[in-house]
Amino acid sequence: MTPVGELGTFQDAFAAALAERTAAPITGWLPEGETDPAGLAVYRNTIAKGCVDALAANFPTVASLVGDDWFGAAAALFARDNPPKSAALLAYGVGFPDWLARFPPADDLPYLPAMARMDGMWATALFAPEGRPLAAEAFALEPQALAAARPRLHPSLAFAWFDSGLPGLWLAAREPQPGEMELAEDPQGVLIVRPHENVTARLLDRAGHAFLAAAADDATLGEAITAAAEADPAADLPALFAALIADGVFVGLDPGDPA
Amino acid sequence: MSPTAGLGLKPQHYDDALAADAEGLWFEVHPENYMAAGGPRLRRLEAIRETRPLSLHGVGLSLAADADPDLGHLLALKALADRFEPFVMSEHLAWSAWRGVHQPDLLPFPRTRAALDRIAANIGRTQDVLGRTILVENPSLYLPLTGHELDETDFLVELTRRTGCGLLVDVNNVFVSASNLGYAAETYLDVLPAEAIGEIHLAGHGVDANEARSGSALLIDTHGAPVAEPVWALYRRLIDRVGPRPTLIERDDDIPAFDVLMAERDRAHGLLQRTLMGTGACASPQSRPEPVGDDARG
Numbered sequence: 205m206t207p208v209g210e211l212g213t214f215q216d217a218f219a220a221a222l223a224e225r226t227a228a229p230i231t232g233w234l235p236e237g238e239t240d241p242a243g244l245a246v247y248r249n250t251i252a253k254g255c256v257d258a259l260a261a262n263f264p265t266v267a268s269l270v271g272d273d274w275f276g277a278a279a280a281l282f283a284r285d286n287p288p289k290s291a292a293l294l295a296y297g298v299g300f301p302d303w304l305a306r307f308p309p310a311d312d313l314p315y316l317p318a319m320a321r322m323d324g325m326w327a328t329a330l331f332a333p334e335g336r337p338l339a340a341e342a343f344a345l346e347p348q349a350l351a352a353a354r355p356r357l358h359p360s361l362a363f364a365w366f367d368s369g370l371p372g373l374w375l376a377a378r379e380p381q382p383g384e385m386e387l388a389e390d391p392q393g394v395l396i397v398r399p400h401e402n403v404t405a406r407l408l409d410r411a412g413h414a415f416l417a418a419a420a421d422d423a424t425l426g427e428a429i430t431a432a433a434e435a436d437p438a439a440d441l442p443a444l445f446a447a448l449i450a451d452g453v454f455v456g457l458d459p460g461d462p463a
Numbered sequence: 043m044s045p046t047a048g049l050g051l052k053p054q055h056y057d058d059a060l061a062a063d064a065e066g067l068w069f070e071v072h073p074e075n076y077m078a079a080g081g082p083r084l085r086r087l088e089a090i091r092e093t094r095p096l097s098l099h100g101v102g103l104s105l106a107a108d109a110d111p112d113l114g115h116l117l118a119l120k121a122l123a124d125r126f127e128p129f130v131m132s133e134h135l136a137w138s139a140w141r142g143v144h145q146p147d148l149l150p151f152p153r154t155r156a157a158l159d160r161i162a163a164n165i166g167r168t169q170d171v172l173g174r175t176i177l178v179e180n181p182s183l184y185l186p187l188t189g190h191e192l193d194e195t196d197f198l199v200e201l202t203r204r205t206g207c208g209l210l211v212d213v214n215n216v217f218v219s220a221s222n223l224g225y226a227a228e229t230y231l232d233v234l235p236a237e238a239i240g241e242i243h244l245a246g247h248g249v250d251a252n253e254a255r256s257g258s259a260l261l262i263d264t265h266g267a268p269v270a271e272p273v274w275a276l277y278r279r280l281i282d283r284v285g286p287r288p289t290l291i292e293r294d295d296d297i298p299a300f301d302v303l304m305a306e307r308d309r310a311h312g313l314l315q316r317t318l319m320g321t322g323a324c325a326s327p328q329s330r331p332e333p334v335g336d337d338a339r340g
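So the sequences go chain by chain: A and B. Counting from 205, one number per residue, gives the positions in the first sequence under my numbering. Counting from 43, one number per residue, gives the positions in the second sequence under my numbering.
The shape of chain A in the complex, shown without the other chains:
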């Protein structure tokens, strides 16, 4: 722990005054008789607003679904217990989806944590390192060489599988003019990637998810295709592969060991 001088002693007191919502800890630095200075609330409100604005930027679908008032109140409560740990707020709120799942007022909005999780995936993809997707020509190899090659995935790629149609709900809610939103019962996956300038997102079926899960686990293309076929024997594997290439999820292809 940092050795603390008189400046640090004041900071400890001021941090306590902010957290405990009372001026008592900083009484020694206030004029006599000043017990509840309005200025302390100004700092407190500015901090809360900074956190709420950052969370609203990172979780826009959640904010649009619950409205600004509900979101602002929830985000301020989250921020009180989970203050930022970095001056850069681009990634602030990593714990927000799990926190929402334990937030009693959200009990009748059971889809909300998943919406937050996908918002978080989107925000992460937005600021992820650059990557240059491979063109389709890069995959024009002999079948054996192609099967033995290991794909490298785009650094911005995120994907997930859900037990219901939450990804479809999330995609619909992100439309500029959301129409009627329904939660499909069938499980769905989501794929989020920033191949070039912009982040894109689409639904992922069971075979596509199995393929990416295998590829992310350092599988060869052959192994990943096998995983996709096992996940859904009826899957159109050439179409699945072509779609992922078009999505821009592959940035490299390492030749496999000669068979």
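One should not assume that every hint holds.
Unchecked claim - Where chain B lies over chain A, by a calculated footprint (3+ residues, C-beta under 8 Å):
(1) 279-291
(2) 348-356
(3) 397-404
(4) 426-440
(5) 452-460
If you are wondering where the hints come from, they were derived from the structure by calculation, not from laboratory data. Quick reminder that beta carbons are idealized off the backbone N, C-alpha and C, glycines included.
Go by the hints and put chain B onto chain A.
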């Protein structure tokens, strides 16, 4: 290059900023908003930097904390500086980070001699890592703290003397603090040494809506309104005395159309041009045509 007026760059204005043709226009951003591995935001800033000078104005270094500046944050700043080659870099006389928590605000402290030693060391460390001098901005203040051993102006001047840093004078912060704590903004501005001032900020403020107490309501540095007329008057007074300096219009909340902000920016630009004519800045030793942040430290 004679000092001109710039504008705080907001993501919703990237296209307008790229297309703008105003003479001498430059932009300023908070580097914390660009501390990312990649993505469109960095690319847009790169495109803008290709046509315009850029200033990096930090809000998260926490110079007035009783701890060394965070090395990771400093290195991220350095990486942005190397990539975007800003003509000036600045930070605040305030703290935000303490014991692992980052409050997104600029917090006050008692201006003691011990605090002066610590903050001078923090500025020195920052400048050593960045390999350049920075400007330090006066904060807006809301609490009548006791225990100050130096006036804010003396404190700032002593920091420039000890570290070689320059000053970023936020005229709106001077106005807000003077109103909240009960001193004369004119007196404050009049004692700042001209040669230390490398940049000026202008922004709008609001009145504390929560203030239902007796006495006058606090002014709040919201950056959510046009620059107020009394602040323009203080600005004219300052540049009439010290000469033109790069001047920024800041707007971070309730952000209007680009043209609306450019009208304020053009007003500042016009005042700078007028001052330039009036003082004959080219011949005046008082003026600093080169922003001080460009100086490399030996």
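Checked hints:
no.: 1; hint: 279-291; result: holds (count 5)
no.: 2; hint: 348-356; result: violated (count 0)
no.: 3; hint: 397-404; result: holds (count 3)
no.: 4; hint: 426-440; result: violated (count 0)
no.: 5; hint: 452-460; result: violated (count 0)
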